[in-house]
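**Q** Residue strings, one per chain:
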Amino acid sequence: NPYAGLVSHLRASWLSGKTRPMEYRVAQLEALGRFLDEKKQEILEATELDMGKPSFEAFFSEILLCKNELNITLNNLCHWMKDEHVDKNLVMQLDSAFIRKDPYGVVLIIAPWNYPIHLFLVPLIGAIAAGNCAIIKPSEISKNTERLIAETLSCYLDNDCFAVVTGGVPETTRLLENKFDYIFFTGSPPVGRIVMTAAAKHLTPVTLELGGKNPCYVSDTCDVTNVARRVAWGRFFNAGQTCIAPDYLLCTVEMQDKLMPALREAITEFFGPNPRESPDFGRIVSDKQFRRIRALLGSGRVAIGGQMDEAERYIAPTVLADVLPSDPAMQEEIFGPILPIVVIANMDEAIDFINARPQPLAVYAFSCDSKVVNQVLERTSSGGFCGNDTLMHVTLTSLPFGGIGNSGLGKYHGKFTFDTFSHHRGCLHRNMGLETLNTPRYPPYTQQKLRLLTTTFEVKRRGTCTLL
Amino acid sequence: MERMQQIVGRARAAFNSGRSRPLEFRIQQLKALERMVQEKEKEILAALKADLNKSGPNAYGHEILGVLGELALAMEKLPSWAAPQPVKKNLLTMRDEAYISYEPLGVVLVIGAWNYPFVLVMQPLIGAIAAGNAVVVKPSEVSENTARLVAELLPQYLDKDLYAVVTGGAPETTELLTQRFDHILYTGNTAVGKIVMAAAAKHLTPVTLELGGKSPCYIDKDCDLAVACRRITWGKYMNCGQTCIAPDYILCDPSIQSKVVENIKVTLKEFYGEDVKSSPDYERIVNKRHFKRVLGLLEGQKIAHGGETDEASCFIAPTILTDVSPESKVMEEEIFGPVLPIVTVKSVEEAIEFINRREKPLALYVFSNNKQLIRRVISETSSGGMTANDVIMHSVVPDLPFGGVGHSGMGAYHGRCSFETFSHRRACLIKDLRMESTNKMRYPPGSQKKI
Numbered sequence: 001n002p003y004a005g006l007v008s009h010l011r012a013s014w015l016s017g018k019t020r021p022m023e024y025r026v027a028q029l030e031a032l033g034r035f036l037d038e039k040k041q042e043i044l045e046a047t048e049l050d051m052g053k054p055s056f057e058a059f060f061s062e063i064l065l066c067k068n069e070l071n072i073t074l075n076n077l078c079h080w081m082k083d084e085h086v087d088k089n090l091v092m093q094l095d096s097a098f099i100r101k102d103p104y105g106v107v108l109i110i111a112p113w114n115y116p117i118h119l120f121l122v123p124l125i126g127a128i129a130a131g132n133c134a135i136i137k138p139s140e141i142s143k144n145t146e147r148l149i150a151e152t153l154s155c156y157l158d159n160d161c162f163a164v165v166t167g168g169v170p171e172t173t174r175l176l177e178n179k180f181d182y183i184f185f186t187g188s189p190p191v192g193r194i195v196m197t198a199a200a201k202h203l204t205p206v207t208l209e210l211g212g213k214n215p216c217y218v219s220d221t222c223d224v225t226n227v228a229r230r231v232a233w234g235r236f237f238n239a240g241q242t243c244i245a246p247d248y249l250l251c252t253v254e255m256q257d258k259l260m261p262a263l264r265e266a267i268t269e270f271f272g273p274n275p276r277e278s279p280d281f282g283r284i285v286s287d288k289q290f291r292r293i294r295a296l297l298g299s300g301r302v303a304i305g306g307q308m309d310e311a312e313r314y315i316a317p318t319v320l321a322d323v324l325p326s327d328p329a330m331q332e333e334i335f336g337p338i339l340p341i342v343v344i345a346n347m348d349e350a351i352d353f354i355n356a357r358p359q360p361l362a363v364y365a366f367s368c369d370s371k372v373v374n375q376v377l378e379r380t381s382s383g384g385f386c387g388n389d390t391l392m393h394v395t396l397t398s399l400p401f402g403g404i405g406n407s408g409l410g411k412y413h414g415k416f417t418f419d420t421f422s423h424h425r426g427c428l429h430r431n432m433g434l435e436t437l438n439t440p441r442y443p444p445y446t447q448q449k450l451r452l453l454t455t456t457f458e459v460k461r462r463g464t465c466t467l468l
Numbered sequence: 001m002e003r004m005q006q007i008v009g010r011a012r013a014a015f016n017s018g019r020s021r022p023l024e025f026r027i028q029q030l031k032a033l034e035r036m037v038q039e040k041e042k043e044i045l046a047a048l049k050a051d052l053n054k055s056g057p058n059a060y061g062h063e064i065l066g067v068l069g070e071l072a073l074a075m076e077k078l079p080s081w082a083a084p085q086p087v088k089k090n091l092l093t094m095r096d097e098a099y100i101s102y103e104p105l106g107v108v109l110v111i112g113a114w115n116y117p118f119v120l121v122m123q124p125l126i127g128a129i130a131a132g133n134a135v136v137v138k139p140s141e142v143s144e145n146t147a148r149l150v151a152e153l154l155p156q157y158l159d160k161d162l163y164a165v166v167t168g169g170a171p172e173t174t175e176l177l178t179q180r181f182d183h184i185l186y187t188g189n190t191a192v193g194k195i196v197m198a199a200a201a202k203h204l205t206p207v208t209l210e211l212g213g214k215s216p217c218y219i220d221k222d223c224d225l226a227v228a229c230r231r232i233t234w235g236k237y238m239n240c241g242q243t244c245i246a247p248d249y250i251l252c253d254p255s256i257q258s259k260v261v262e263n264i265k266v267t268l269k270e271f272y273g274e275d276v277k278s279s280p281d282y283e284r285i286v287n288k289r290h291f292k293r294v295l296g297l298l299e300g301q302k303i304a305h306g307g308e309t310d311e312a313s314c315f316i317a318p319t320i321l322t323d324v325s326p327e328s329k330v331m332e333e334e335i336f337g338p339v340l341p342i343v344t345v346k347s348v349e350e351a352i353e354f355i356n357r358r359e360k361p362l363a364l365y366v367f368s369n370n371k372q373l374i375r376r377v378i379s380e381t382s383s384g385g386m387t388a389n390d391v392i393m394h395s396v397v398p399d400l401p402f403g404g405v406g407h408s409g410m411g412a413y414h415g416r417c418s419f420e421t422f423s424h425r426r427a428c429l430i431k432d433l434r435m436e437s438t439n440k441m442r443y444p445p446g447s448q449k450k451i
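Protein chains in written order, with UniProt numbering: chain A, 1 to 468; chain B, 1 to 451.
Here are the simulated lysine-lysine pairs, DSS-like style, with alpha carbons at most 30 Å apart:
#, chain 1, residue 1, chain 2, residue 2
1, B, Lys440, A, Lys39
2, B, Lys89, A, Lys371
3, A, Lys101, B, Lys371
4, A, Lys101, A, Lys201
5, B, Lys77, A, Lys101
6, A, Lys67, A, Lys143
7, B, Lys31, B, Lys160
8, B, Lys329, B, Lys292
9, A, Lys201, B, Lys202
10, B, Lys302, B, Lys221
11, A, Lys101, B, Lys194
12, B, Lys77, B, Lys40
13, B, Lys49, B, Lys277
14, A, Lys449, B, Lys31
15, B, Lys77, A, Lys371
16, A, Lys143, A, Lys179
17, B, Lys259, A, Lys449
18, B, Lys88, A, Lys371
19, B, Lys202, A, Lys179
20, B, Lys89, A, Lys40
21, B, Lys371, A, Lys88
The hints are simulated quantities; they were obtained by calculation from the structure and are not laboratory data.
Using the sequences and the hints given, assemble the complete structure.
**A** Right, here's the structure in full:
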């Protein structure tokens, strides 16, 4: 077991208790902030090399959003760490009942390549805030960022408590043989299953941030220009390599016709007449992914874009019209700059279409009619939902971010990350006196004692529910 | 296989019909469950007597009372639990609607255990129904009378398709676990917990595992020993020691060991009389297999009290072992029987170290007049839950999450925590389709100005 030594080193540090004081956690979090500030240029450069990530995007997702999470955590850590007192019944009035936030111990964070800093750093913020030690396993596919993390993170964090492990599938498999106290995984559903199966051997709790095909319903009553902009922005951000990107559009044939010129205009507005020359449009991360996405183009008809350059791993912002459910683009999560439009007759058909498929990470609905937006929300199931925009629900840290069913289990962002990496321990501190109050519970059991017990423990309904 | 598929398929179709979602429906089902418990009280108590030799007031107090309380709580609080929770917005979302929507997960599987066979099936069921799910219940086959009763009664009171009962043992459960569920709550042992989680992993099904372990009980020299021992005796020997959060073993200074034994002996007489075997309030080991297992733990041990057994009735007397070696068999596995080992330690440091060298337990107990010492034990150890100066009681506070950590489990339930365990918290952001100007700064072409 090649990682046994590393894991036991971290476990020894954990058992020493050094990660528990608030001051220690704050110091490590502040060091992470310095990492983001001092290595900003290197991060922008590495992510550009890895997937042509535009520096505007990289700054937004890898620096700005991460700093927000850091600051929210630093601002609130003291409050989050406090014991949460809860309501007590009659007999416990002199007792203290509270929920303690205990760290788990040594946690493992496995990050993907598409937002390679953000997707390890934001979970790490919560893991540190909750008092854990952590091993970080960045993706080998975003190799420049992987190298940056492996080489520089150790200059900022306590190496006895935080370590970076690099490598691919074989290394990750060996790493997963070890016992961790929590595993946080972001990636694809098939690998999510492998991670959870490995975790089951040690009864390690997990959070799995997976993916799926995020549907985007556009109703007939909407401002076409604004819809086109918001959808195009969400779809083509990071060249489509975003787990919460709108994966496909559902609309009527009339709306498809109206949307097309609006989408074309939005794309031109964003990336100019030749997106290949725009510094604001990314590239596909690897040859393997490029070939995979290219194969999806044989779906429907190419209405916008479709141009490619294999050497550059460039795929133009592309919109496919009249796509059929049986087409290649509808068989897997696209994770590329292609937006298929599937024509449906009406909202009900769109909802049925969505519900016939695995629960996605996000559902999007666009309409000027709030009733329509609410209908789609209420009649579908997904990790999260955004009405009349894309992606934005995950930038609000007071909202939990996570999937359901095939798109994942667990949630994070803001306080939810702290809670994810804490064990919520129910504690009751009783009074040693007042022993007579306990008599009804002791044998010999009698009806009289039972009546007493019932009176003191019973939760009585205050009145009939007005809904009935 | 087909039967399981059909049952789960029917539950899923019933869930997809949407009828379990309106709050009125859920409350109506909970009310029906309440009627069931009230109308069939005699039958329930009879089943518990047959399975575990529990006396009427005992069974009522430990199982029915808790269920009625949970039902009343759920019915009262459901509207507030299920209401969308608005969240704090930032500058960009000031004019939007941002909230967390509580939604049902789908079809939930509840696998019960045999030691508190009624409440361990009912309490999760209540939470799952309250959260709007369809539920498949698999009571433990070991407590066969209660299993049979639950299978008979639930369809008489609840929606038959939404809420189904499957009976059987390991083969049936294995088959059931091949089906896809949206959450599985399992109560039982660590070994099977791993099997359940591995099966769940195939479908990416979230799980709540209520497992077990050896719950330590540290008695400080500075405490009211008589009171401490009475409380410990109650929690240890109830249900003949077959309680997942029973104090499994005692850690104390050698100088108070014999006093502890004396106090427990006195309390035992107070509780069960001179002849424990004839007390109507003392239960039996659930079956021969477990009887033999617990008996085996006594081998080579110094029995300070008890030790009498009767295989025919699966009777094991309340037993105390002293000067137990940490390496002995009785200190290796969860006892789940009326045998209380005392391991001596010279200090609270030693006790904490002892506890931390072992797997994280489901519960942890510490008795002391010294608040600092108690705080220290809490902050330097980890456990599912804990009670200071008493045992068991943290599990009856409705607002405390009840669950394990590490080998003692994952996830939690009881009260509102049940509702949240069986719900999906969906992030919802509803924006205006107008007000496009605020979005302009995020669109390409990017520039330093925009940043």
